[in-house]
Each structure stands twice: as C-alpha cells, then as structure tokens.
Amino acid sequence: MGFFLETLFGGLMVGMLYSLIAIGFVLIYKASGVFNFAQGAMVLFAALAMARFSEWFPLWFGFQSLILANILAFIAAMAVMVVVAWLIERLALSKLVNQEGITLLMATLGIAYFLDGVGQTIFGNDIYKIDVGMPKEPLMVLQGTFQGGLLLSQEDLVAAAVSAALVVVLAIFFQKTATGRALRAVADDHQAAQSIGIPLKRIWVIVWSVAGFSALVAGVIWGSKLGVQFSLSLVALKALPVVILGGLTSIPGAIIGGLLIGVGEKLSEIYLGPMLGGGIEIWFAYVLALVFLLVRPQGLFGEKIIDRV
Amino acid sequence: MFYRENGQFKSSYRADQQILPITQDRIAMLVLLLAAFVVVPLGVSDYWMRAILTPFLILSLAALGLNILVGYCGQISLGTGAFMAVGAYAAYNFQVRIDGMPLIASLLLGGLCATVIGVLFGIPSLRIKGLYLAVATLAAQFFTDWAFLRIQWFTNNSSSGSVSVAGLNVFGVPIESPVQKYLFCLIFVVVFALLAKNLVRSAIGREWMAMRDMDVAAAVIGIRPVYAKLTAFAVSSFIVGVAGALWGFIHLGAWEPAAFSIDRSFQLLFMVIIGGLGSIMGSFFGAAFIVLLPLFLNQLPGWLGFSISTALASHLETMIFGALIVFFLIVEPHGLARLWSTAKEKLRLWPFPH
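Chains as they are written, first to last, in numbering that gives the first Met the number 0: chain G, 0 to 308; chain X, 0 to 353.
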C-alpha cells in the first residue's frame, strides 16, 4: 500500500510538471488559435538563458550572492523571452495571419528548429545546472500509518505549488482583465477581433510573452531538477498528449490531463511494464490520448467543434 | 523562345490528358531519365553514388509517400519514420524467416505491412483532424520506436535491436556495388513516381484533394470520407514502407530503430513543405534540397576561407532549416515546385514579356 501510494504521488508530481508545459500550449492555442509546436524549444531556450545568465552575471558584475544572481537571471531571461515573442510575431506570425491551422502548426515547427539552433549557438550545448535553492532531501511522512512511511520529494512539492500559483495567476489574467478578454476574442475569430479594433499584433506579442513566461517557469523547475540540456525540449513532446487529453482550450484540462498522464505513466510502468517488456512510459501517454480521442475527439474539457458548410 | 508551345494542337482527349502535354517537357524528361540511367552510373564517383544519390532517391520516395498524405489529402502526419521502420523491419523478417524469399517480394511485403499499420493509425483521422491528428500519428512514432527496441521477435532476437542484411540479389544479379544499389533504387523510384502521378490524376486523387480542401463539402457531394482518408493513409504508408525497407536494405545494410526516429519524420515533413505540398515533383526537389544543404553548409566556410566547429555547423544547419521552413510557408507555400512552374511560365514568353 505504501509503495502504491508512493508511486501514485510520484506520478502526480511528474504530472504537475507536464501540466506546467502543457499550460504553455493551451495559452497560445486559447489566445491565438495556433498549436505551438515550439513550446518545447521555448522551454529549452528559456532554461538555457536562465542557467547561463545566473552563471555569467556574478562574473560580469563581480558579486557573490546566489539569490541576486538568480533574480537578475530570471528577469534577464524573461526579457529575452519577450524579445523572442516579439521577433516571432514580427518575422513569422504577422505574415501568416488568417492562414489555416496546419500552416501555422508547420510554421511553429520551423520556429522550434530555429530556436533550438540559436539557443545552443549562443548558450552552448553542455549540461548546465540551475540552482534556485530548491530543497533536495526527500520528506518522510505518515510513518505511523504505513510501514516504512511515504517518501516524498520536497522539490516536487515546490514544483507543484509553483504550478498551482501560475495557474491561478493565469486564470485571473484571462478572466478578469481587459487584455485577457481581448486574447479570448482573438482566439475565437481573428478577423472579427481585428474588425472591432483589437490590435492583433500587440495581442500576439503579449500571448507569446506569456507563453514565454510559462516556458521559463517550466524550464527553471525542470532544469533545477534534471539539469538543462537538449533533452528538455523533448520533454515537451510528453506534454502533447496531455494537452490532447485535457482539451486544447482548457487550462484546467491541461492540469487534470497532466495529472492523469503522470499517474497513468508511473502506474502502468510499474504494474504493466514487466508484462510488456518495460520502457512503456515512452508511448503509454500517446496511446492513452489516442484511445481517448476516439471516444471524445475534443478532449476532456475542450470545446466541441461543429462543422458547418 | 525555347519553350513555346505554339502549334502543338491536341485533337483527342487522350492527347489532352497526357502527363506531359508539351513536347519540350517530354524531351526534357527523356533526357533526364537517360542521364539518370546511363550517364550517372558511368560518370559519377562511387562516393557520390553511395552517400548522396542513393539516399536522395530513397528519401524522395518517402517524401512522395508523405506528400500523398499531407499534400494531397491534407492529413498532417508526424509519424512517417514509424511507417518507414515498419516497412524495414517487416521486410527484414520476411527475408530472414522465409527461405529463398526474393528481395523485391520482401520489400513489397514490407510495404504492405506498413500499409496495415498506417491504416490502423489512420483510423483516428476519421474522428479527429489537423492538430489532433498530428499528435495521434506521433503515437505511431513512439510506439514503433519502443516495439522494435523491446520486442525481440521483430529483430530475430538480436539483443541490441540492430539487424543487418547481406548478400542481396535480384534474379541472381547481386546488389552490392554502389552503381547496382543506385540503379535498383532508381527503378523503384521511377515506377512509384509514375504510379503516384497517375493515382493523383485519377478519381481517387481528386477525392483526396476535395477532402483536403473542405472535408464537409466533399462529404456533401458524395465523397466518402472514410474511404478517401483511409486510402490516402494506405497508399502513403505503402510507399513510405517500401522506402523504409529500401533505406534499411540498400542504403544502410545494418540498422537499428534510431535510423527511423522522430527526426526522420520531421526531416521528411520538411522535404514536403520545402519541395511543395501537393506536387509529385516537389517531393524530389525537397529531398534534393535537404540532402544537399548540409553538404553545402559544410563546404561553405572552407570556400570562404574560415573554419567553424562541427557543433556550430550542426546548430547552424538546424537554424537554417527552421528559418527556411518559415520562409517558404510565408513566401511560397507551394514550395520549390511552384517556383519551378513559375519559371516555366516565364520561359514560355521569354524573351518578350507579353
């Protein structure tokens, strides 16, 4: 029982991290109707920037404090992400307004490759570490209830708390502010939003900056857990089935999808894996999402798409 | 001037419906085929044959298959590598397990297995489309990556997942030297390109295009979505599967699942986009472009008189690929094939602009 619960909690924590990346996808899709394949590349890019800046700033400006270095690096990385957002809008998206979804999807694929290349050219392609002082040692709880107790990673708990906070902030931003409403209007219909005077260009820069912010948060958390390296951009591929499962337009969907997939992955690896030859984590999420799509094509919380001629 | 079609009248439907209605085109195609079959084997070095032309041919074939699905039927797929892998491993199993299996038969049977898997993973396309489908095809990619690595039966119990073939021959003629491999692939590519070209001109090809342009409207005028989409998946994955089998058997000789990773899928998608969505010729342009670009980028610093590290070169390559994808989507969504046909239009009037 203790082991089962431990696996379950492990899965929930990993799922929370998937959700963090998935939220980036949902944000952009919700606010501009673009399925952003470059989210993984953005996570890697942001994490690389953060890792390198926190290393470089103390050298350049000659101070020692780790906290100061991290804060400055975070701000600088955020600034870089805003510039990236602006450039993406300027150079790619503004020229593809009102194109089909597939064209935009492929454009973001191109952006992903470009960002991967640029990031590694500027920041290098070794394994870097981000040290934001997250507690490393595991936490022992419920020792009285089970034999051996429950081993929880504090890092994961912090990550879960951070993503929960991020979601709350984003929900308020989308529901309560005028910009948030404008974002949702653009998502519904580009042309209609333009015609009532919503500046599409500015909206897109804002959306991509917000997605950059969520990529940065995700990158920092994953990076401090596993180190920043190229495989980080592949973690985003894990977030795709999460979005599909939860529905492309729903932030709660991204969270619940992430948790479901995190838990499903861990439990299936432990209880089904030995029967099937192990390593089924690679495809379990995808096959789960695929089967689910056959039953409910719009995902758990997605909006139903109705075709009219 | 050289490309004038004045006086070339067509007096029958047959003449009107030819693949190449203009005499100059027919001559050009004949010259091209002659060059490919005769001049290249005589005049090109073994290195070029082995390292550039053979991969180019096989990747063109795979891009052709993918183009049928993405370009003609509008079903975006990120799982091409998976179907190539299925083709390659299935052909390997036919070759190893059945005594005296002819090479061509096992390649085609490999393609058939890829068809089955392709249709299987194409079934979700009946309910979902566009973005969702892209993710669904990724499932095929990850699943086959895992299956060929972990399930020992597929690899004839080789522990590392890598397999190899040797002693290939067709009707007693060995396929060993670079020239023989090149010609073998060339024949496959020519036959499949001709078949594909005719297929997309036929009723089924028009159904695919109707499906791509507006699926609901297509259904209204009596095109069965199930049939159109699944045939596109079937034909596409058959061609891709054969290309995968050729890639394993002829180009690599020995391979492991990593040869058909997700990077291969993206690479093929890029070929299709850069070459031209919905164009048979575009698949060849795209493959040529993607095969030659890294070579060119490797040579360029040398020509300009400075050197860059290999790591930087590979990053530059990814950057340039990414930038080119976006560039082509913005400037010329129909890719190099459209540039080619624009050039032909211009040549028709040249040197007078009117």
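Just so you know, the hints here were simulated from the structure itself, not pulled from any lab data.
We put the beta carbon where it would ideally sit given N, CA and C, even for glycine.
Check before you lean on any hint, since a few could be wrong.
[Claimed, not checked] Across the chosen pairs, the derived CB separations fall in these ranges: (1) X:Leu-311 - G:Gln-190: 39 to 49 Å; (2) X:Leu-303 - G:Gly-100: 32 to 42 Å; (3) G:Leu-156 - X:Ala-165: 29 to 39 Å; (4) X:Gly-304 - G:Pro-137: 49 to 59 Å; (5) X:Leu-348 - G:Lys-94: 35 to 45 Å; (6) X:Met-213 - G:Gln-190: 13 to 23 Å.
So, against the hints stated earlier in the document, which numbers end up violated here? Violated hints (numbers, rising): 3, 5; every other hint is consistent with the structure.
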